[in-house]
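Undergrad: Sequence:
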Amino acid sequence: MINVCLMNTYILLKLIVYFRKLEKLLVIHLLTFLHKIYFFLHSQPLHTIPSLRKIVLFF
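In UniProt numbering, the protein residues as written are 1 to 59.
No lab work stands behind these hints, which were simulated from the structure alone.
Backbone N, C-alpha and C define an ideal beta-carbon position, used for all residues, glycine too.
Certain hints may be false.
As the list claims (entries may be wrong) - Below, in silico cross-link-like pairs of lysine-lysine (PhoX-like), each with a Cα-Cα straight-line distance of 25 Å or less: (1) Lys-36 to Lys-24; (2) Lys-24 to Lys-14; (3) Lys-21 to Lys-36.
To be verified - Derived DEER-like restraints, expressed as beta-carbon distance ranges: (4) Phe-40 to Thr-9: 41 to 49 Å; (5) Leu-34 to Asn-3: 40 to 48 Å; (6) Lys-14 to Phe-39: 35 to 43 Å; (7) Val-4 to Lys-24: 26 to 34 Å; (8) Arg-20 to Leu-41: 27 to 35 Å; (9) Leu-6 to Ser-43: 52 to 60 Å; (10) Phe-40 to Leu-6: 28 to 36 Å; (11) Thr-32 to Tyr-10: 28 to 36 Å; (12) Ile-11 to Leu-31: 54 to 62 Å; (13) Tyr-38 to Leu-6: 26 to 34 Å; (14) Val-27 to Asn-3: 44 to 52 Å; (15) Leu-12 to Leu-41: 41 to 49 Å; (16) Val-4 to Lys-36: 45 to 53 Å.
Starting from the given sequences, assemble the full structure and let the hints guide the process.
TA: Right, here's the structure in full:
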């Protein structure tokens, strides 16, 4: 009975560590994504801003 309990705790800890790493990756991905949009907007004339929806759909 104790073994099963320990096993479950171990698996849970593994999952938490895994999700932490995943979370960091997602945050990095989100930041690069925002960075791209920011640069795109700055490189475009103002009248092309309505195409932002297309960019969001593209990503």
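Undergrad: Please go over all the hints and tell whether each is borne out by the structure.
TA: So, going through the hints one by one against the coordinates:
Distance hint between Lys-36 and Lys-24 is fulfilled; the C-alpha atoms sit about 18 Å from each other, no more than 25 Å. A C-alpha spacing of about 16 Å is found between Lys-24 and Lys-14, which places the hinted pair at or below 25 Å, so the restraint holds. For the proposed pair Lys-21 and Lys-36, the alpha carbon gap of about 23 Å is at most 25 Å, so the pair holds. With their beta carbons about 46 Å apart, Phe-40 and Thr-9 fall inside the hinted range of 41 to 49 Å.
Between Leu-34 and Asn-3 the beta carbons are some 47 Å apart, a value that agrees with the proposed interval 40 to 48 Å. The beta-carbon spacing between Lys-14 and Phe-39, approximately 38 Å, falls within the hinted interval of 35 to 43 Å. Our hint of 26 to 34 Å for Val-4 and Lys-24 holds, since their Cβ atoms are close to 31 Å apart. Between Arg-20 and Leu-41, the C-beta spacing of about 32 Å keeps the proposed range 27 to 35 Å intact.
Taking the beta carbon of each, Leu-6 and Ser-43 are about 56 Å apart, inside 52 to 60 Å as hinted. Restraint check, Phe-40 to Leu-6: a C-beta distance of roughly 51 Å breaks the suggested window 28 to 36 Å. Between Thr-32 and Tyr-10, the C-beta spacing of about 34 Å keeps the proposed range 28 to 36 Å intact. Checked against the hint of 54 to 62 Å, the pair Ile-11 and Leu-31 fails, with Cβ atoms roughly 31 Å apart.
Judged by the Cβ atoms, the range 26 to 34 Å given for Tyr-38 and Leu-6 is violated: they are separated by roughly 48 Å. Restraint check, Val-27 to Asn-3: a C-beta distance of roughly 37 Å breaks the suggested window 44 to 52 Å. Take Leu-12 and Leu-41: their Cβ atoms lie about 43 Å apart, and the range 41 to 49 Å holds. Checking the proposed 45 to 53 Å range against Val-4 and Lys-36 shows it holds: the Cβ atoms sit about 48 Å from each other.
Hint compliance for this structure: hints 10, 12, 13, 14 are broken, all remaining hints hold.
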